Every structure is written in C-alpha cells, then in structure tokens.
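Student: Taken in sequence, the protein lines are chains A and B.
Counting with the working numbering, you get residues 1 to 243 for the letters of the first sequence.
Counting with the working numbering, you get residues 1 to 377 for the letters of the second sequence.
Worth flagging that the hints you see were computed from the coordinates, not collected in a lab.
None of these values were measured; they are calculated from a predicted model.
Treat the hints loosely; a few may be bogus.
[Unchecked claim] For lysine to aspartate or glutamate, the following DMTMM-like pairs were computed, each having C-alpha atoms within a straight-line distance of at most 25 Å:
no.	chain 1	residue 1	chain 2	residue 2
1	A	Lys81	B	Asp136
2	A	Lys73	B	Glu371
3	B	Lys7	A	Asp111
4	A	Lys74	B	Glu371
5	A	Lys58	A	Asp7
6	A	Lys58	A	Asp78
7	A	Lys81	B	Asp144
8	A	Lys58	A	Glu69
9	B	Lys167	B	Asp217
10	B	Lys15	A	Glu143
11	B	Lys167	B	Asp144
12	B	Lys7	A	Glu143
13	A	Lys117	B	Asp95
14	A	Lys58	B	Glu307
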Amino acid sequence: MTALVADQITKSYTSGRVETPVLQGMSIALDERELALVLGPSGSGKSTLLAILSGLLKPDTGNVSALGEDLWKKSRADLEKFRLEHTGFVFQGFNLFPALTALEQVMLPLDYLGLPKHAVRNMALASLEEVGLASRAHLRPIELSGGEKQRIAIARALAKKPQFLFADEPTSALDSVNGKNVIDALHRVARVYGATVVCVSHDTRLAADADRIIHMTDGRILSDVKQISASAPSRSISAEANP
Amino acid sequence: MVALARKTLIYEWRKFLPAALAVAFSGLLLLMMTALMFGIFSSAGVYVSRSGGDIWAGYPGTQTVELGRPVPRDTEMWLRMDPAVVQVEPFQWLDGDWRGPAERGSVSVFVSGIDPNPNGLMFSHVLGPADRARLDEPDAVIVDEADLPKLGLDIGDTAFLNGHRVKIVAAANGLRTLGGVNIVTSIATARTLVSDAAERDKVAYYIARLAPGANPDAVRDRLAPIAAGHRFAVWTHDEFAYNAATYWMFETGAGLGFIFLSFVVFLVGVVITSQTLFAAVASSVREYAMLNALGAGIGALRRVILEQAFWVGTVGVIVGSVVSISLALLAHGQDVPISFNYIATIACGALVMAIALISGFLAVGAINHLEPANLLR
Ligand SMILES: Nc1ncnc2c1ncn2[C@@H]1O[C@H](COP(=O)(O)OP(=O)(O)O)[C@@H](O)[C@H]1O
Ligand SMILES: [Mg+2]
Chain A
1 MTALVADQIT KSYTSGRVET PVLQGMSIAL DERELALVLG PSGSGKSTLL
51 AILSGLLKPD TGNVSALGED LWKKSRADLE KFRLEHTGFV FQGFNLFPAL
101 TALEQVMLPL DYLGLPKHAV RNMALASLEE VGLASRAHLR PIELSGGEKQ
151 RIAIARALAK KPQFLFADEP TSALDSVNGK NVIDALHRVA RVYGATVVCV
201 SHDTRLAADA DRIIHMTDGR ILSDVKQISA SAPSRSISAE ANP
Chain B
1 MVALARKTLI YEWRKFLPAA LAVAFSGLLL LMMTALMFGI FSSAGVYVSR
51 SGGDIWAGYP GTQTVELGRP VPRDTEMWLR MDPAVVQVEP FQWLDGDWRG
101 PAERGSVSVF VSGIDPNPNG LMFSHVLGPA DRARLDEPDA VIVDEADLPK
151 LGLDIGDTAF LNGHRVKIVA AANGLRTLGG VNIVTSIATA RTLVSDAAER
201 DKVAYYIARL APGANPDAVR DRLAPIAAGH RFAVWTHDEF AYNAATYWMF
251 ETGAGLGFIF LSFVVFLVGV VITSQTLFAA VASSVREYAM LNALGAGIGA
301 LRRVILEQAF WVGTVGVIVG SVVSISLALL AHGQDVPISF NYIATIACGA
351 LVMAIALISG FLAVGAINHL EPANLLR
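Construct all of the structure, not just a fragment, from the sequences and the given hints.
Tutor: Have a look at this one:
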C-alpha cells in the first residue's frame with residue numbers, strides 16, 4: 001500500500017541574491033512495510049527531501065500526501081498534531097535531553113499524546129525492550145555509548161508505533177557494527193509495525209539491508225531499485241552484539 | 001508527565017545558577033534600598049513613633065509634626081468628652097534659635113514642650129520617669145546624646161534658646177529627628193519660649209490615650225465630625241507616623257529617587273536574568289527542536305521554559321531572603337538605620353518574581369523560531 005506520495009516537489013534556497021535549486025520537480029511514492037534507503041553524495045538534497053516528506057519543511061511547489069492527507073495544506077498546529085500521531089524521527093545527532101534517563105527520553109514524546117501515565121510507561125519500556133536497552137532504562141545520555149544513544153533515539157521514535165519513521169544519516173556518528181545494528185532496527189520497524197521507513201545516508205554500505213534503494217544527485221533521482229534485502233530482519237533487534 | 005523543566009534545572013543547575021543569582025541580588029538590592037529608605041525616614045516620625053497615646057489631634061491638614069500650627073484650646077475638652085479617652089495631654093512644637101558657645105554661632109533647632117508627668121505620653125519610649133522629673137526644673141532641657149557634639153556642649157552646660165537661658169539636664173537616646181536638633185523641655189518652659197504673647201497658651205497638638213481594648217480607628221471616626229466643626233483634626237498614632245514618613249520621603253525628593261532607583265534595579269535585573277536564562281534555554285534548542293519534530297507543540301515547549309523561569313525566580317527569592325536576613329542582622333548590630341516593612345517586603349518579593357517571569361517570557365524567544373528542519377543536515 002502506498003503511504004506517502006510526493007508529487008513534483010521543488011525547493012531552492014536563496015542566500016543573498018543567489019538562488020540555489022536543491023530539488024527540481026521530484027516525485028516519489030513510498031509503500032508501507034518498506035525500508036527505503038536514499039543514497040547520494042553530500043549536498044545532493046537528501047536531507048531537504050526528507051524534511052519535506054516528513055512535514056518539517058515546506059516545498060516551494062508540489063504536494064506531499066501522507067495517509068491520504070495533503071501535509072502542506074495544514075496549519076503549523078495541525079502539522080504538529082499529524083507528526084505527533086504518525087511520525088517518528090531519528091537524526092544524526094541524537095538530541096537526547098542530558099537531564100533525562102533513557103526511559104524518560106522515550107516517555108517524553110508519549111506524554112504529549114495525552115495517554116495515561118502507566119500506559120506511557122509501559123509503551124516506553126516495551127520500546128526500550130525492542131531495541132535491547134531495557135537494562136539501561138535508568139541511565140542518562142552521559143552514561144551511554146554512541147550506539148546506545150542512537151538506539152534510545154530509535155526507541156523514542158517508535159514508542160508510539162508511528163506509521164512513518166524518518167532517519168537522517170542515523171549511522172554516520174557510529175562505527176560499522178553499531179551502524180549495522182541501527183539499520184537492522186529500522187528494518188524491523190518496517191516489518192513488525194508495517195511502518196514506512198525512509199532512511200537517508202551517504203554510506204553505501206547500508207545498501208545491502210534495504211528493501212528499496214533510491215540514488216540521488218543534484219536534486220534528481222538517478223535510480224530507484226527494489227530488492228530482496230540481504231539480511232532478513234526476523235531476529236529481534238535486541239539480539240545484537242554489544243560493542 | 002516527565003518533569004522536563006525541573007529535571008533539567010536540577011541536572012544542569014550550573015547553567016541556571018547565574019539567572020537565579022541575578023534574581024536573588026536584584027531582590028537583595030530592592031529590599032535593602034527599601035529598608036534603608038524606611039529606616040532613614042522613620043526618624044521623621046520619631047515624635048509619634050517614640051511616644052505613647054493612640055490619637056493625635058492637631059491643625060487640619062497637618063502632614064507631619066514640623067508643620068503644626070496652634071489649635072483651639074477647647075480641643076482638649078472635645079477629646080476628653082469621648083467615652084474611650086482616658087488621658088489627654090498637650091504637646092507644644094516650635095522652631096527655636098539656639099546660641100551655645102560663642103564660636104558656634106546660632107543653630108536652628110526644634111523645641112518639643114512635653115508633659116513631664118511620670119505617666120506622660122510624649123516621648124514615653126525614650127524618657128523614663130527620672131528624666132521627665134528633671135524637666136520639672138524651670139528652663140531644663142534634654143537633648144539627644146548624638147546632638148551634644150553638634151551643639152558643642154555637655155550635660156550641665158547652659159545656652160540661650162530664643163533668648164532664654166536654658167540648661168541641659170540630661171541626654172537621651174532616640175530623640176534625633178530628620179533635619180534638626182530636637183530640644184525637649186517641659187510644656188511650661190516651652191510656653192516662655194513662644195514669642196507671640198497671644199499664642200502663648202495655645203499648643204499645636206493634643207495626644208490622647210484610650211481605654212485598653214478601644215479601637216483607635218473607631219474613636220478617630222467618631223471624633224472626626226466634631227473636629228471638623230472646631231478647627232482641628234484627629235489621626236490615629238499609626239496614621240500620623242506613616243504620614244510623616246511619606247511626607248518627608250517625597251518632600252525631600254528621596255522618595256522619587258528611590259522609585260527611580262528601584263526601576264533601574266528592576267530593569268538591570270530583567271536584562272541580566274533574561275540574558276542568562278536565554279543562554280541556558282538556547283543551549284538545549286536542538287532537543288526542543290527534536291521534541292517539536294516529534295509533535296510537541298511550541299506552546300507546550302514555551303510552558304517548559306516559563307516553568308523554569310518560575311523555579312529560577314523561586315530559588316532567587318529564597319537565596320535573596322536568606323542573604324537579606326543575614327545582612328539585616330549584621331546591619332542591626334552596627335546601628336545602620338534599616339527598618340523592614342511588611343508591605344514593602346512583600347512588594348519586593350513580587351517585583352523579584354516579576355523579574356523572573358518577564359525574563360522567562362523573553363527567554364522563550366530562544367525557541368520562537370524553532371526550525372526542526374535544521375536538525376537535518
Ligand atoms: N537552510 C539552508 N539554507 C541554504 N542552503 C541550504 C540550506 N540547507 C541546505 N542547503 C543547501 O542545499 C543543498 C542540499 O542540502 P542537503 O539537502 O542538506 O543535502 P544532503 O543532505 O544530501 O547533504 C546543499 O548545497 C546545501 O548547502
Ligand atoms: Mg544531509
């Protein structure tokens with residue numbers, strides 16, 4: 001099922017009088033239960049594309065429709081509500097609050113859904129379990145490794161069981177073992193929750209684990225290939241080697 | 001709810017400490033200024049505050065003792081006719097010209113003519129029965145200890161007051177008034193010092209003591225219409241003391257200066273507090289942007305910052321109070337004229353909290369243009 005459709009989106013940045021086109025009429029349709037990997041050299045517009053698809057950045061022209069709703073016809077508050085209910089994010093910087101424990105990091109966004117306290121706690125614990133960090137629930141970011149922090153960020157993103165998960169260079173601050181773990185986790189989110197997962201990276205080593213690989217250069221799609229991914233992520237994310 | 005505001009404050013207390021200290025020191029400064037102000041100007045009210053009695057009667061419209069004018073002689077009778085009044089005594093106040101040792105020239109002084117009775121009301125907190133008894137002697141005067149060097153005289157010395165020879169029979173502590181030397185004498189001696197013979201048997205004030213349990217406000221209200229018809233006015237003891245302090249505050253310009261200075265302190269407090277708070281919030285802007293990306297509304301994030309400002313204010317008020325109390329105790333031991341006033345202290349606390357909250361609203365600016373898209377690079 002197609003869950004996310006971008007139609008003829010364009011985006012350019014102006015600095016001073018110079019206008020730099022970044023996306024030049026791009027169209028893309030993404031399915032649920034699919035981990036789509038967007039690959040391309042630095043500066044090719046991957047992050048811009050992800051921001052527009054996820055409802056964080058308004059395109060100059062073109063539409064984005066998610067779950068049949070036109071994202072960029074919504075007000076800022078409605079967009080926030082849509083993201084709250086349907087969208088998770090994982091970024092290169094983990095953006096965890098230094099003061100909060102792993103469990104609280106995951107609980108925090110759930111609080112805004114207005115769920116009862118015990119439900120929030122149970123969902124957060126389950127999510128930490130999912131990424132294999134239940135035993136780290138009481139630790140603060142300063143006590144966690146980079147790989148663990150990124151898994152906390154993933155747990156935070158998927159705790160609410162979102163239909164969409166967007167990841168921007170989630171592995172680039174990590175070594176290859178931890179990077180592989182993160183990709184496996186994202187893949188599992190697509191399979192287990194049926195989410196549409198879009199991961200953007202310049203790291204071609206991740207290609208083996210994706211269901212679909214989209215190559216970009218200069219704001220255009222170069223190739224778009226569906227594949228049977230090399231590692232079927234049937235095992236639990238938590239069964240990974242700790243570095 | 002995860003208590004993000006409080007947990008961050010506690011965990012990152014070093015970041016927020018400067019803001020709390022800015023609040024605390026603004027509060028300290030405001031409170032000390034106020035206490036000094038009231039301390040200094042309460043001496044304007046010594047005539048009232050150092051005396052017994054519950055009701056003052058004087059010339060209508062009199063703001064402070066120094067501005068008194070003679071009242072009709074029947075004032076005393078009108079006071080006595082009130083059922084709650086158990087004691088009435090006259091108090092004479094006049095300007096004087098003091099000539100002590102030749103080389104000092106003349107000094108302008110204030111003369112207080114009081115009832116020297118052992119149970120007299122005027123200056124009853126300063127002058128005990130022994131001192132009062134000394135005033136029974138004709139031409140005897142008492143001055144404040146601190147004024148003796150100013151007059152260049154000692155106990156037992158004589159001087160000329162409005163041309164009469166008077167003798168300093170004692171020195172007391174607590175007679176100093178704002179703006180002049182206070183010479184205390186008996187009402188009989190004071191009469192001889194009045195130059196205008198026609199006014200000699202009139203005084204400027206009558207002080208009344210009420211029966212225990214009587215409500216001074218009620219008595220004042222009862223006497224007011226009578227007073228209005230007989231060319232005098234009545235005030236309660238507290239009212240008259242307060243009038244004197246505020247009169248001098250504004251008469252001297254010190255009051256306006258004080259208000260201006262408070263405003264400056266307030267402004268400086270807001271600038272420093274908001275800047276430090278802004279910096280503390282800005283250092284977490286990526287985390288706030290992440291929350292916003294995940295769907296937390298800007299309004300909810302603003303509330304987190306305002307809550308932090310509130311706690312910073314609370315800590316600031318507590319720290320400021322502790323330091324203020326310590327300083328007040330220290331100052332008290334050093335005879336610094338400070339005096340704490342209930343309402344003024346609460347007003348300072350409110351101003352300080354306002355500093356913290358206004359700073360919070362300004363610090364919210366750090367996330368006003370939150371762009372979660374900037375987290376993607
Ligand atoms: N906020 C911005 N203002 C101006 N130029 C930008 C901004 N964000 C990105 N760019 C430019 O747009 C181009 C694409 O950026 P981006 O989408 O981040 O590429 P990628 O993620 O593939 O590295 C780059 O040339 C970048 O310099
Ligand atoms: Mg990028």
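Student: Is the Cα-Cα distance between A:Lys58 and A:Asp7 25 Å or less?
Tutor: holds, 13 Å
Student: Does the alpha-carbon distance linking B:Lys167 and B:Asp144 stay inside the 25 Å limit?
Tutor: Within the cut-off at roughly 14 Å; holds.
Student: Are the Cα atoms of A:Lys58 and A:Glu69 separated by 25 Å or less?
Tutor: Distance ~15 Å between A:Lys58 and A:Glu69 Cα, so the pair holds.
Student: Would you mind confirming whether the straight-line C-alpha gap from A:Lys81 to B:Asp136 stays at or under 25 Å?
Tutor: Given that 25 Å is the threshold and the Cα spacing comes to 89 Å, the pair is violated.
Student: Hey, B:Lys7 versus A:Asp111, does the alpha-carbon distance stay inside 25 Å?
Tutor: Distance of about 15 Å is within 25 Å: holds.
Student: Taking only the CA atoms, is the gap from A:Lys81 to B:Asp144 under or equal to 25 Å?
Tutor: This hinted pair is violated, its Cα atoms lying about 76 Å apart.
Student: A:Lys58 and A:Asp78 were given as a pair; does the straight-line alpha-carbon distance stay at or below 25 Å?
Tutor: The given pair, whose Cα atoms are some 14 Å apart, holds under the 25 Å limit.
Student: Check whether the Cα positions of A:Lys58 and B:Glu307 lie no farther apart than 25 Å.
Tutor: violated, 31 Å
Student: With the threshold set at 25 Å, check whether the alpha-carbon distance from B:Lys167 to B:Asp217 stays at or below it.
Tutor: Violated, because 40 Å separates the two Cα atoms, which is more than 25 Å.
Student: For the pair supplied as a hint, B:Lys15 and A:Glu143, confirm whether the alpha-carbon distance does not exceed 25 Å.
Tutor: Distance ~20 Å between B:Lys15 and A:Glu143 Cα, so the pair holds.
Student: A:Lys73 and B:Glu371: Cα distance at most 25 Å?
Tutor: Cα-Cα ~18 Å, so holds.
Student: Measure nothing beyond the straight line between the CA atoms of B:Lys7 and A:Glu143; if it is 25 Å or shorter, mark the hint as holding.
Tutor: holds, 17 Å
Violated hints, in rising order: 1, 7, 9, 13, 14; the structure is consistent with all others.
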